[in-house]
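Take the sequences, apply the hints, and build the full model.
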Amino acid sequence: MEDPKGDMERHQPPPSLWPVGFAVGIVCLLVGLVVSWPAAAIGAGLAAVFGFLWARDVVGGRAAEVPLSADEEPSLVPPLPEQPGERFPRNTFLEGATLGLGAVIGAVVTLPVLGFAVLPAFKGQHQHEVDLGPIGDFPEGQFIVATFLRDPSLGDITRRTAYIRNNGLLNGVPSFTCISNRCAHVGCPVQPGGPVFDDKQKTVKTANGDVSLTPVLPAAGFICPCHGGSYDQEGSRIAGPPVRGLDRYEFLIRDGHLVLGNLYSVAKVTGSGANAKITKAELHGPGQHVDGPEAWLYPLQPPH
Amino acid sequence: MPRRKSERRQNMERMALYPLDWLEERSGLVGGVKYFLFRNVPGDSNWFHTLGSATLTAFLVQLVTGVILAMYYKPGTTTAHASIEHIQHEVTLGWLVRGMHKWGASVFIILMFLHMGRVFLFGAYKYPRELNWIIGVLLLATGLFEGLTGYLLPFDQTSYWASVVAININGTAPFVGPYLASLLRGGAEIGPDTLSRFYSIHMLLVPGALIGLITLHLYLVVRLGVSSPPWSDEAAGGTPEPEPPPAQAGLVQPRPRGAGLRGRPE
Numbered sequence: 002m003e004d005p006k007g008d009m010e011r012h013q014p015p016p017s018l019w020p021v022g023f024a025v026g027i028v029c030l031l032v033g034l035v036v037s038w039p040a041a042a043i044g045a046g047l048a049a050v051f052g053f054l055w056a057r058d059v060v061g062g063r064a065a066e067v068p069l070s071a072d073e074e075p076s077l078v079p080p081l082p083e084q085p086g087e088r089f090p091r092n093t094f095l096e097g098a099t100l101g102l103g104a105v106i107g108a109v110v111t112l113p114v115l116g117f118a119v120l121p122a123f124k125g126q127h128q129h130e131v132d133l134g135p136i137g138d139f140p141e142g143q144f145i146v147a148t149f150l151r152d153p154s155l156g157d158i159t160r161r162t163a164y165i166r167n168n169g170l171l172n173g174v175p176s177f178t179c180i181s182n183r184c185a186h187v188g189c190p191v192q193p194g195g196p197v198f199d200d201k202q203k204t205v206k207t208a209n210g211d212v213s214l215t216p217v218l219p220a221a222g223f224i225c226p227c228h229g230g231s232y233d234q235e236g237s238r239i240a241g242p243p244v245r246g247l248d249r250y251e252f253l254i255r256d257g258h259l260v261l262g263n264l265y266s267v268a269k270v271t272g273s274g275a276n277a278k279i280t281k282a283e284l285h286g287p288g289q290h291v292d293g294p295e296a297w298l299y300p301l302q303p304p305h
Numbered sequence: 005m006p007r008r009k010s011e012r013r014q015n016m017e018r019m020a021l022y023p024l025d026w027l028e029e030r031s032g033l034v035g036g037v038k039y040f041l042f043r044n045v046p047g048d049s050n051w052f053h054t055l056g057s058a059t060l061t062a063f064l065v066q067l068v069t070g071v072i073l074a075m076y077y078k079p080g081t082t083t084a085h086a087s088i089e090h091i092q093h094e095v096t097l098g099w100l101v102r103g104m105h106k107w108g109a110s111v112f113i114i115l116m117f118l119h120m121g122r123v124f125l126f127g128a129y130k131y132p133r134e135l136n137w138i139i140g141v142l143l144l145a146t147g148l149f150e151g152l153t154g155y156l157l158p159f160d161q162t163s164y165w166a167s168v169v170a171i172n173i174n175g176t177a178p179f180v181g182p183y184l185a186s187l188l189r190g191g192a193e194i195g196p197d198t199l200s201r202f203y204s205i206h207m208l209l210v211p212g213a214l215i216g217l218i219t220l221h222l223y224l225v226v227r228l229g230v231s232s233p234p235w236s237d238e239a240a241g242g243t244p245e246p247e248p249p250p251a252q253a254g255l256v257q258p259r260p261r262g263a264g265l266r267g268r269p270e
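Protein chains in written order, with the numbering used here: chain A, 2 to 305; chain B, 5 to 270.
Hints in this document: simulated from the structure, not taken from any laboratory.
It is possible that some hints are incorrect.
[Unchecked claim] Taking lysine to aspartate or glutamate and the EDC-like style, the derived pairs with C-alpha atoms no more than 16 Å apart in a straight line are:
no., chain 1, residue 1, chain 2, residue 2
1, A, K124, B, D160
2, A, K206, A, D256
3, B, K78, B, D160
4, A, K206, A, E96
5, A, K124, B, E193
6, B, K38, B, E28
Laid out in structure tokens, this is it:
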């Protein structure tokens, strides 16, 4: 239809991106206020910089437009000295009041609803101690698949599995290896690479309800059925897509019972069994690095 | 020359159309619907231009079947799967409605991609339709999110572990990932809140967003019109091809000479 060369001149130029940066800054600031002060500071900085750029554009743009729209502007905003009473006409006041009141009402309704929908997700979970029964049920050197409810009041959805091995005594204190079965790739349950002795399965009644204990011989370590991640008997990654080793449970012995505590992530394990040296890290989700430069990508964790 | 209608017939038509006239006089809706349905499109638009309407139809099917499924589905870690079994095996025609919703979801996604491919290959995303492409991309993302949240609802092993994996993949996004995963789960671990949260997102939040975006999408389609195919002679300023003569056997239409070649750089 038209000459393709003249095509570009008819278009509106693309909108300025400064408001987008300003909005990102505000979002960062609001989220930061809830989760961390450094993020809030970064957000405030972003909002200030982009707000300044935006304001400069707007002011500059208006100054440039004044000669073009000289016919219309004076009737709306007449020069100050001639009609000082008309500087804020009634229309402008009503318009501003309507928009302002609308914004306030909107915010009063929206913010609590947003908080209700979003903030509970970032509340720390209750820490559950899980009683796995007398340590006599864990023969030395033998891996046991322990299946238990982390929070019996919530039911089956909190069923978890851990691989537990009694390492005997270390300096006169019982030592256990308590490996979580959550794969460090994307969180599928890892399976033992060896026979599970279902016929020797035992159910122990504890404070956490029924705990199922099944002896297992993970000769080939632990293998994830989803994408083939594989780990050795200490939970260190051997092969496949996982970015780190398997998480572990803290444990304590109370009244002769083995009690599992919080989960933590493991950066590195050297040695094995009771002599293993474990480099501990804050609990991270699957797929997140806990050491090396990649760990810089995950500086902040929501409360667990 | 059409035969003049009898007076009796004219009266009957007037009576039948009276409600529509009543509505039109008070709302203009009839005219609006006619304007929407009978607007002009390029003469050389073809079957590929129907993919958008097909996607819309698939969405409407999801909407209707989803509303009905919500009458029987019970979100809850102990009730969800039992209610799916109930729908599938006991509710009259439940298997059909659930099947339509389940398979229709894939149809909807596939049609979205085909429609996007058509728009891309026809160059229909270019000025002045860039904004509609952007809205379309948002629709694609929202539609995929609808698929993600819907997948958990049957609450069997497949859907549970697929959702675990999906949430954890979100968790690996740099910086915001851990928070994104917590937001999706509604907490530090997948629990009862996760299921009801996914259900609410799946049946209220995201469909609302989809309906709003589709309205905008259609508004822009009507406002800007449908683009011609890239080989269009009409759009290139040439005279339209004469209608090809009807095929003798009535089965095969001869291909008009030069169709599909004009308008290309020589």
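Verification of the hints:
Of the supplied pair hints, the one linking K124(A) and D160(B) is violated, its CA atoms being roughly 27 Å apart against a limit of 16 Å. At roughly 15 Å between alpha-carbon atoms, K206(A) and D256(A) fall within 16 Å of each other, so this suggested pair holds. In summary, the hint linking K78(B) to D160(B) is supported, as the alpha carbons are separated by about 14 Å, within the 16 Å threshold. Straight-line distance between C-alpha atoms of K206(A) and E96(A) comes to about 70 Å, which puts the hinted pair past the 16 Å bound.
A hinted pair counts as satisfied when its Cα atoms are at most 16 Å apart, and K124(A) with E193(B) qualifies at roughly 11 Å. Distance check on the hinted pair: K38(B) and E28(B) sit about 11 Å apart at the alpha-carbon level, within 16 Å; holds.
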